[in-house]
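Participant: Chain by chain, the residues:
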Amino acid sequence: MLKIQGLECGYGRMRVLEAIDFEVGAESVGLFGPNGAGKTTLISAIMGMVKPWKGSIELDGQKISGAETYSIARMGVALVPQERELFPGMSVEDNLMLGAAYIPHAKDDIPAQLEKIYAMFPILKERRAQFAGTMSGGQQRMLAIGRALMSKPRLLILDEPSLGLQPSIVAEVFDVLKGLKTSVSILVTEQNVRESLRAIDRGYVLENGRIVLADSAEGLKTNPYVVKSYLGI
Amino acid sequence: MAIQRRTAIAAAISIAVAIVLILWKPTVLIYGLQAAGFYAAIAIPMGLVLGIVHIVNLSHGEFMMLASYATYFACKALGMDPLLAIIPTAIVTAIFGWVVFQLTIRRALKAPELNQLIMTYGLAIAFSQGINLIFSTKTYKMPLDYVTSSMTIGDLSFGTWSFVFVGVALVFMFGLQFFLTKTTTGKAAMAVGQNPKGAAIVGINVYRTYGIVFALALALVGAMGALFLTKSAIFPSVGSPFTMKSFCLIAMAGVGNIPGILSASVLLGVTEQFLRAFRGTRDWAEIVFFILIIGVILARSYKGRKA
Amino acid sequence: MKRMMFALAVLVMIAGSAYAQGTIKLGGIWTLADITGKQGSAAAQMAVDEINAAGGVLGKKLELIVADDEGKADKAAAAVEKLATVDKVDVFIGGMASGAELGKIPAFKKYNKVVMSTGAAASTVVEKALGPSPGSDFYFHMHPWDYNQGQSYLEGWTAINKKDPNIKIARVFLGYEDGAFGQSSWVATKTLFNPSMGFTIDGASFKSAAFGGGDYTAMLEAAKAFKPDIFLWAGYDADALPMLEQAKAMKFTPGIFLGAPPGWPKDFGESKLAPNVALYGMWSTAMNKNNPASDKFYKNYVAKFKEEPATYFAPLAYAAVYIVADGIKAAGTTETAPLVKALEATKYASPLGETITFSPSMIIKHQGITRQKILQWQNGEQQVIWPFEAATATLVYPFPAWK
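Protein chains in written order, with the working numbering: chain A, 62 to 294; chain B, 349 to 655; chain C, 146 to 548.
Wrong hints could be hidden among the right ones.
Counterexamples of contact, computed for chain C against chain B with all Cβ distances above 10 Å [as the list claims (entries may be wrong)]:
{"no.": "1", "residue": "Lys183"}
{"no.": "2", "residue": "Ala198"}
{"no.": "3", "residue": "Tyr256"}
{"no.": "4", "residue": "Lys258"}
{"no.": "5", "residue": "Gly295"}
{"no.": "6", "residue": "Phe344"}
{"no.": "7", "residue": "Ala349"}
{"no.": "8", "residue": "Thr362"}
{"no.": "9", "residue": "Thr430"}
{"no.": "10", "residue": "Thr478"}
{"no.": "11", "residue": "Ala482"}
{"no.": "12", "residue": "Pro483"}
{"no.": "13", "residue": "Glu499"}
{"no.": "14", "residue": "Ala535"}
Restricting the straight-line Cα-Cα distance to at most 25 Å, the calculated cross-link-like pairs of lysine-lysine (DSS-like) are [stated by the list, open to error]:
{"no.": "15", "chain 1": "C", "residue 1": "Lys307", "chain 2": "C", "residue 2": "Lys411"}
{"no.": "16", "chain 1": "C", "residue 1": "Lys411", "chain 2": "B", "residue 2": "Lys424"}
{"no.": "17", "chain 1": "C", "residue 1": "Lys451", "chain 2": "B", "residue 2": "Lys424"}
It should be emphasised that the hints constitute simulated quantities derived from the structure, not laboratory data.
Remember, it's a predicted structure, so these values are computed and weren't measured experimentally.
Cβ atoms here follow ideal geometry from the backbone N, Cα and C, with glycine treated the same way.
Required output: the full structure, derived from the provided sequences and hints.
Facilitator: Laid out in structure tokens, this is it:
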């Protein structure tokens with residue numbers, strides 16, 4: 062699915078990531094690390110929002126590094142950004158609709174997709190006519206996930222999906238993720254490592270722009286460094 | 349709920365003012381509405397560009413001037429009425445606008461706002477000076493019979509042609525509302541306007557959308573340019589005052605609020621005509637424009653702070 | 146390399162001075178982006194070419210060096226400096242806007258060369274700055290001052306009224322644009338059509354289409370309510386047709402409808418609303434019929450530039466060159482004192498329909514034309530109505546031909 066080799070990139074003259082080798086197959090992959098480690102930059106690079114300096118990014122063998130964000134999205138990569146990036150002055154339903162309207166393999170299937178998303182998040186159905194900007198943070202997060210799923214993604218990327226949410230909603234979000242695992246590949250970055258380890262198959266630990274550890278979920282759970290630094294035991 | 353009540357109060361006040369004016373000074377209402385339609389029809393396309401592409405297009409009036417010149421000479425050459433030229437001019441201006449967008453404005457979208465202003469201002473100068481070089485400062489006016497169409501009620505005789513601009517403003521407004529809220533391309537344009545980053549991650553080609561919106565706005569500018577020729581004489585600097593006026597109306601309405609442009613225009617048009625109708629206040633009409641702008645913007649920022 | 150450059154420079158200098166010896170240089174200053182300056186400079190060049198083809202002046206060729214004042218006082222002052230010091234011109238001509246002319250005056254005084262001015266009507270600005278004789282004797286003002294214009298309007302209308310008592314001008318209404326031009330017209334018109342002389346006057350301002358206006362309805366409503374015998378408007382060419390259109394739509398029909406813009410829009414005469422609109426001016430193509438100088442000027446101009454002279458500034462600039470050339474011939478030199486003396490004897494049968502002579506005005510000693518003409522649009526052309534000696538038609542009254 063997604064294959065990154067020798068990736069190096071940054072902003073201006075500041076290098077953020079170097080020598081990144083990274084892979085997501087038909088599975089759920091977690092990306093962990095402290096604030097400022099480069100998680101969001103890595104996601105931005107995948108989405109074409111930050112241009113790589115070196116290395117390559119491939120999606121199913123097709124090179125996507127250097128492509129525009131919108132064409133990467135049209136190839137089946139959907140992002141749930143940390144800042145959600147919704148259209149605040151448009152209705153919930155229009156937000157969802159736009160998730161699929163420009164994706165070639167999803168745009169003809171909008172009504173059915175909408176029903177699916179509404180079944181997954183009943184609150185969105187209830188508020189379908191409300192402006193996205195007037196909803197609570199948790200509801201906006203669900204809408205962002207819903208909008209991403211509308212595009213029938215092959216790869217779903219979630220950047221800190223639980224950030225700023227109350228625990229009950231975090232649990233809800235992860236339940237949804239677990240439910241999705243079978244149909245799409247997932248890449249999720251999280252600070253809430255304990256919660257996300259329940260939902261993933263494999264994980265990477267990113268520190269200071271380098272990958273310092275890669276292992277299965279089980280392996281990470283028992284790794285003494287992870288336990289000490291991220292699970293806080 | 350609060351919004352609905354406020355709208356109802358505003359509507360009630362407007363109707364009351366309208367009734368008073370009809371009985372007392374009917375020409376104020378007639379010419380005020382005509383002026384409002386004219387202002388709004390010119391300002392709405394600029395509002396569209398500012399609301400979605402986030403560019404203050406200082407060459408807005410010059411684009412209209414170019415459209416008027418194109419219409420004038422096409423009509424002269426073909427012996428055609430400018431009304432028949434509305435749609436062809438709209439198409440030509442849209443294509444021209446798209447090309448200008450790709451060659452210039454697009455390059456400045458990520459630049460600081462000041463650079464964008466200087467660039468569109470540069471375009472404005474290039475357009476008006478270009479026309480000046482070719483046609484000189486001489487003014488052109490198309491003699492048309494229907495523009496003197498008139499209506500007489502009792503002692504009152506007034507021109508009716510300028511009501512066309514009220515119609516045009518309404519068509520522009522409802523047309524754009526329909527486009528932006530009911531069509532997929534329009535919704536994508538709204539999305540781009542509200543959050544270009546969010547639009548890109550759902551697969552919308554942001555720059556292409558900007559280009560489409562700019563071209564659409566210019567199609568409206570072109571249509572208005574053809575109509576402008578029926579009312580006004582044209583000369584190289586004919587467009588530039590409308591850039592400033594349009595910008596101020598947009599500022600009064602609030603960026604992205606297209607129906608608001610129409611309301612602001614009505615407020616301005618009727619107030620201007622009201623002041624002009626009395627000897628003592630005649631010379632205040634020009635100043636009221638700025639007073640209204642300052643008043644509305646202050647009121648809005650005060651309301652914003654309370655909220 | 147250096148030596149070659151030096152040789153070249155010497156060569157250029159020798160060639161330049163030799164050339165200069167054979168020419169009399171006229172420095173012309175106009176606003177070239179404006180139609181008046183564009184055509185004025187062209188007409189002046191045409192006069193220079195004609196004079197050179199006929200053998201030049203005192204055995205030398207005339208040379209016109211044109212500088213652009215961009216309509217601004219500072220650029221105008223710089224243009225005088227440049228023409229005086231770099232080009233070393235012998236005489237200055239040109240000028241249109243009073244504001245730009247004002248900027249030139251200090252430099253003009255400094256160089257004390259003869260100036261044949263074709264513009265600047267604002268007496269309180271330009272004439273005052275020039276000051277009285279002898280300090281301003283180098284300055285020959287061809288264009289009428291504003292008070293000359295006003296006086297001639299009053300004179301003209303009184304004469305027309307005397308000739309045909311049916312043509313009343315007791316009630317006067319002025320629509321004036323709200324800029325400096327319109328405001329000063331309003332002040333002048335109020336003084337001119339004074340109540341003590343039996344006039345009733347009123348006025349209202351409008352925003353000119355030239356500055357983003359173009360809605361005359363409120364002004365016309367006021368005019369209509371006043372029921373004037375003569376309706377005057379002071380604005381720009383862009384106002385001409387739209388104002389007529391709105392007047393017709395409102396059924397506003399004064400006996401005389403007179404516009405006083407600096408120029409008229411292209412093809413104004415073709416409009417169905419144009420017939421019988423009166424105007425003030427100094428020159429019209431209709432004069433070609435009974436004025437041979439006008440006819441000659443017009444034909445040559447059209448043949449040379451493939452367009453019509455649009456305003457009187459073209460024949461005025463043309464006349465300026467001839468007057469200067471004749472003066473230099475008579476004086477035998479371009480020295481200021483003898484040239485001024487020669488120019489004082491000028492009697493030039495101009496294409497503007499009158500013989501130009503110079504006489505003292507309110508402040509300065511050398512004022513040329515003092516009368517403006519009353520014209521009327523008839524059959525797509527501006528016909529001269531008054532002065533009667535230059536008339537090409539009689540006034541059609543009352544005004545609206547559109548009924």
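Participant: Does each hint fit the structure? Answer for all of them.
Facilitator: Structure-based check of all given hints:
no. : hint                : in the structure
1   : Lys183              : violated (6 Å)
2   : Ala198              : holds (27 Å)
3   : Tyr256              : holds (30 Å)
4   : Lys258              : holds (30 Å)
5   : Gly295              : holds (23 Å)
6   : Phe344              : holds (19 Å)
7   : Ala349              : violated (6 Å)
8   : Thr362              : violated (4 Å)
9   : Thr430              : holds (16 Å)
10  : Thr478              : holds (38 Å)
11  : Ala482              : holds (39 Å)
12  : Pro483              : holds (39 Å)
13  : Glu499              : holds (26 Å)
14  : Ala535              : holds (26 Å)
15  : C:Lys307 / C:Lys411 : violated (34 Å)
16  : C:Lys411 / B:Lys424 : holds (13 Å)
17  : C:Lys451 / B:Lys424 : holds (19 Å)
In summary, the structure is inconsistent with hints 1, 7, 8 and 15 from the numbered list given earlier, while agreeing with the others.
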